[in-house]
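Participant: Sequence:
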Amino acid sequence: MAFYYHYLTLLFTLLLIYEATSLLHDDISGFKYIVLDKKSNNAAFYSSLFKNGKIDQNKLTSLSTRGKRSLTDSPILYSSNSSRSGLATEYEFHGDNHSVAFLHWSGSRSQVIFIFTSNYQSIQRNPGGSVHVENAYLWRSTDYGTSFQREDQTKFNKGSKNINGIHFCKGNNKRVVVYDKKGKWVYISDDEGDSYAAYQVNFTPQEILCTRDSGKNFLVAFDETTSKLYHAKDDGKNWRFICNDVVQYFWGTNSTTLFIETQQPGHKYTSVLKYIHLPGDASDVKVFDALLGGFVTRSFKVNGKYMFVKKMYPQMAMYVSYNGSSFKKAMFPFNLDVKDFNVVDASEDEVLSCIRHDDYYNLYISDKTGTKYSLSLRRILATSSYQWGRTLKLADIHRVRSLRGVYIANIRRKDAIVRTFITFDKGGEWNRLAIPDNVQCKELECGLNLHMVHSERYYQISSVLSSESALGLIMAQGNVGRYLNEETDVYLSSDGGLHWNKILNGSHDYVFGDHGGLIVAVALGNYTKKVWYSCTEGKFWSTIEMEKNVRAYGLVTEPGETTWVSNIFGQHLTKSFEWLSVKLNFSSVFERKCTDQDYTLWTPNDERMKGQCLLGEHMVYERRKADICCYNGKQYEREINQTSCNCSLEDFTCDFGFQNNDISDSCVPISEDLIVPKVCPEFQTYMRSSGYRKVAGDRCVGGIEKDFYPVKTLCPVKVPSGLSIVLKRTTVAAHIPITFNLKQEQGSTGSTWYLWDFGDGSKPINVTGITKAQKQNHTFTDHGSFNVTVTASNSMGTTSTRIAVQVIDAILRVLITPPHAVLIGQPAPFNITLSSQHTERSWVAEHGYVHFVWTFEPKQRPNLTWENEVEHTFTKAGVYTVKVEAINAISRQYGQVTIHVYDDLRTLRISFDDELDNEYKDSQKWRDEFRNMFLAKLTSVVFIPKSRLEVYVLPGLPTQVDVSIKPKDTNDNHTMDQIVDRIKVVIKQKRLVIQLSEGKSTAAVYAELLDNSGKKPIAVDDKQGNQDTRLAIAIGLAAGFIVIFLVGIIFYVYRRYMWIYRRYSRLSMNGSRPDGFIPLHPGGQESVGYNADDDVVRYAVPETEDINDSEDELLLDDHTEPGRLSLVINEDTQQDNSQSTDAARA
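According to mature numbering (1 follows the signal peptide of the UniProt record, and there is no 0), the residues represented by the sequence shown are -22 to -1, 1 to 1124, in order.
Be aware that one or more of the hints could be misleading.
[Claimed, not checked] Straight line, CA to CA, 27 Å or less: simulated DSSO-like cross-link-like pairs of lysine-lysine:
| hint | residue 1 | residue 2 |
| --- | --- | --- |
| 1 | 289 | 194 |
| 2 | 750 | 706 |
| 3 | 307 | 317 |
| 4 | 924 | 962 |
| 5 | 194 | 162 |
| 6 | 420 | 480 |
| 7 | 561 | 152 |
| 8 | 507 | 480 |
| 9 | 289 | 307 |
| 10 | 307 | 283 |
| 11 | 306 | 696 |
| 12 | 571 | 553 |
| 13 | 246 | 215 |
| 14 | 944 | 854 |
| 15 | 283 | 346 |
| 16 | 517 | 420 |
| 17 | 346 | 690 |
| 18 | 317 | 306 |
| 19 | 211 | 317 |
| 20 | 750 | 656 |
| 21 | 924 | 854 |
| 22 | 721 | 306 |
| 23 | 684 | 346 |
Just so you know, these hints were derived from the structure itself, not from any lab.
Here the structure is a predicted model, which means the values were calculated and not measured.
Throw the hints in and build the complete structure from the sequences for me.
Facilitator: Here you go:
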């Protein structure tokens, strides 16, 4: 018991399914999910569940362990003090203890009810929206739930135990499709399940859908194991494959058109949209809107006439298709980042979408195309979570189904407070719900706050209830106060949300019946025997007594809310859990069938407008008087009288690009960029919005409508922006015209002047108008990098753009300089010379980065190099065609050359006299001409055929020729060595003379035999040896003379130094020192000193010393004391004296 109780507190285990595909489709009315309950204040009540705008799954896990709060039977506020018995019929589903049950009422005015049960863990959501389960039970009732029969054991392949899914066709309530995934069986019924036709298929059915058109029998099946989609047009007998890589699929507005989201090959998270018109096969599947490209996987949605996808690049954006047109990017005001979207309603040619910005959502409302959105409500309560294998998006907003344009929504403020608002003009203006007439509230900012989708999904609190057949009735649970909290009472509005009354205390589930003439409610959370009902729109209540206490998990009724029968699903108080159905038949509670006197006329009233018009119409409905307990009956059709109203300000809302100003209460522009079309050429006009547009679905006429018509307006002059220079490649060729294209995304173009500056010193080009400026040709005459700049200016401002261009030469020709005398096993050098289209001598080609792709031998991988020189070693003798491809940023050229590779060769290097060097020209042409003359002369003097010789003229000076002698062939029997000797003899005899131009000639003077590597000689002739000897002798003599000269210099310097040293070492002096005399040598007797007063160097000598042997001139100094001499340096002897002085100081 505790095991099942755990799941029942985690999830509301009874899901009300009104139609086959509605189970998990996002629906703003919500479904009856109860996940958990939690006592808390308002902030914790909601904010604890949210993390970055999404449901916190960890929080849900922790909350799932908490038990439900205890409730007592709710007392009624107004009671008729009557209780009835015998109206309830119970049926127990013996042996069925599954934790989840799905209920489907076959259709309006049908007594057939299906219940499909399974365990929570086995549920998965299919791409088409239905659910896939394992080991399910299928129950069926044909008497409004009085009794049920378990049919999975009797009608499907001898009691198949693996029923995985069931699908009910919306367009044909008689058709039911059941499938067995494991056995690959499909069962189809066309009589509401009385009988089934069984078909075994060749794929694994994960989901089966049928068309919405009752006149078509198309079926679509999905195989999840292969991601393939199949189609059958003959009631399931034969199936055709139609598409691969399927992610999800939806029916279009045309019931025979199927839209298929497929995964883009090679992109795990990117999808492509395709479509097919059924019947058809794989060849009929086409890409829808090829310009759309890839979009985010599983973001494709269909809602009414609109289709939606989400794209991420260059930034996240929503794209919309209306009525099957091409997708267009949705535009939102305020430049807020769009993180995600949830379309909550697309009725009446208008889209309401919740857009996530960071950690909050805003509600936007669109124009008819669904592409231009205006803000409707800030910070709407919306989340995104994960359930049953798919992302589940929730938004607390409810469309009142019986009245056009009325919506109720919850907002979650920054402080986590949740409050409820209502709009009567489809999002044009929102107001707090009014305080119920029978409730007092003394708090500030008091209002009625309602539980909606999130409370139902996560807290087992039933959401807002409205029905198309229950005119003006809205039933909901909530509390009165500053914000929404856990206190739950039931409130009712009978005028479309304008006024409210509290009708029940505590938490209940509730349904309408008999076109709103019957309200049934049952308490949730505890065991009870009482079921509350009212046939007076909640003014008076009565009860039905059940036989035993029942714990109710949900209350359901027939789709359309026109019947008197309801069903409670829950359990008895027993040791083990089993499903229980309690059928409630209220047909006997009505006094009689209503007559004309029991009806009155009712008009929706919006007090804000002080009138009786709603969305531009005056609607007069027939409605049963609230205090009369008579029944309408299933066949009742409500009379409606509608007339158009004159348009007033309330019929309009702010147009796209405008927002309401709270001070002036008028629509003011947000940004001119949102109002003026992006493409609005100068001197042309556009229809400028007045700031207002009629609310979608509003049917008013006349009045002030003409005041809000768009006005024809001249396109304004805008600052140019979004400039870009388009060039095929940024590396271009010199001396070739290059075409530059200019693009401008926004701003004026007609009066804008554009200045092109190519950055190479050429004269800038200045033109007016984008037509003249958008294409310019320019030829660069120099190599290098240049910044090409375009500046656009007009009266509103200036902008510019630039692009860097690299200018090089295109490769015109590739010339290969081949090696000569190529031997196997020896590196053979190849050299490439590139030429450009320019022939001027002063022009130095610049090809930029060039890489070369070489092919030397057949079946050999190409060799890539960045240098124009390369070596290759051949391993076999033969004739080879060597190819190379030279590639730079702007061109590529091919070149090839044929070479011979030999096993053995003899090569002589021939030298010539000086006359040839005088005639030498450093060009390949001259070398080729001389080669031919030399070869002709050589063959004529040595009498050897040309086929035995290979001649190569080496580049550079001195001019030399390599002559290679090939092995003997059939034309000649001479050995290679014999030919070498013959050539040497001819050269020694000076017979190898070649005639040059103008009567000049040159003779071969010597030859040396090269080894096979071609690097060193192996023999020289006598003349060469003599020349080398003479050269060595000359170098030796020169070196000897230099050595002798250096020795003489050194000897002279040494003798001079010794003479000076001996000369001055004889000087001496006696006596005292005069004032100012500074001794230069320590000791008692000074021989030389320096007088600081007269800057004269003084030499002191004894008076008796003979000084005539000195060659220096001694002069008397007037400043010298008696008995002393001063040596004065004369100009004539300055050099010698300076040397003497230096020596003395040393």
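Participant: So, for every hint listed, does it hold in this structure?
Facilitator: Results for each hint:
Between residue 289 and residue 194, the direct Cα distance comes to roughly 34 Å. Violation of the 27 Å bound is thereby established for this hinted pair. A distance of roughly 20 Å separates the Cα atoms of residue 750 and residue 706; the hinted pair therefore holds under the 27 Å criterion. Taken as a hint, the residue 307 and residue 317 pair is honoured in the structure, with Cα atoms around 14 Å apart against an allowance of 27 Å. In summary, the hint linking residue 924 to residue 962 is supported, as the alpha carbons are separated by about 17 Å, within the 27 Å threshold.
With a C-alpha separation of about 24 Å, the suggested pairing of residue 194 with residue 162 holds against the 27 Å cut-off. Of the pairs offered as hints, the one joining residue 420 and residue 480 holds, with about 17 Å between alpha carbons and a cut-off of 27 Å not exceeded. Proximity of residue 561 to residue 152 is assessed by CA-CA distance (about 23 Å); at most 27 Å being required, the pair is judged to hold. Between residue 507 and residue 480 the alpha-carbon distance is near 23 Å, which keeps this suggested pair within the 27 Å criterion.
Restraint check: the Cα-Cα separation between residue 289 and residue 307 comes to about 9 Å, which is no more than 27 Å; the hinted pair holds. For the hint pairing residue 307 with residue 283, the CA-to-CA distance comes to about 16 Å; that is within 27 Å, so the pair holds. Under the criterion of a C-alpha separation no larger than 27 Å, the hint pairing residue 306 with residue 696 is consistent with the structure, at around 25 Å. Using a Cα cut-off of 27 Å, the hinted pair residue 571 and residue 553 is violated, with the two alpha carbons roughly 45 Å apart.
With a CA separation close to 34 Å, the supplied pair residue 246 and residue 215 exceeds the 27 Å bound. Between the alpha carbons of residue 944 and residue 854 the distance comes to roughly 16 Å, so the proposed pair stays at or under 27 Å and holds. A C-alpha spacing of about 10 Å is found between residue 283 and residue 346, which places the hinted pair at or below 27 Å, so the restraint holds. Distance hint between residue 517 and residue 420 is fulfilled; the C-alpha atoms sit about 25 Å from each other, no more than 27 Å.
A C-alpha spacing of about 21 Å is found between residue 346 and residue 690, which places the hinted pair at or below 27 Å, so the restraint holds. For the given pair, residue 317 sits about 18 Å from residue 306 by alpha-carbon distance, which is consistent with the 27 Å threshold. Straight-line distance between C-alpha atoms of residue 211 and residue 317 comes to about 41 Å, which puts the hinted pair past the 27 Å bound. Among the hinted pairs, residue 750 with residue 656 is consistent with the structure: their alpha-carbon atoms are about 21 Å apart, no more than 27 Å.
The suggested pairing of residue 924 with residue 854 holds, with an alpha-carbon distance near 23 Å, which does not exceed 27 Å. Of the supplied pair hints, the one linking residue 721 and residue 306 holds, its CA atoms being roughly 22 Å apart against a limit of 27 Å. Our distance criterion of 27 Å between C-alpha atoms is met by residue 684 and residue 346, whose separation comes to about 20 Å.
Taken one by one, the earlier hints fail for this structure at numbers 1, 12, 13, 19, listed in ascending order.
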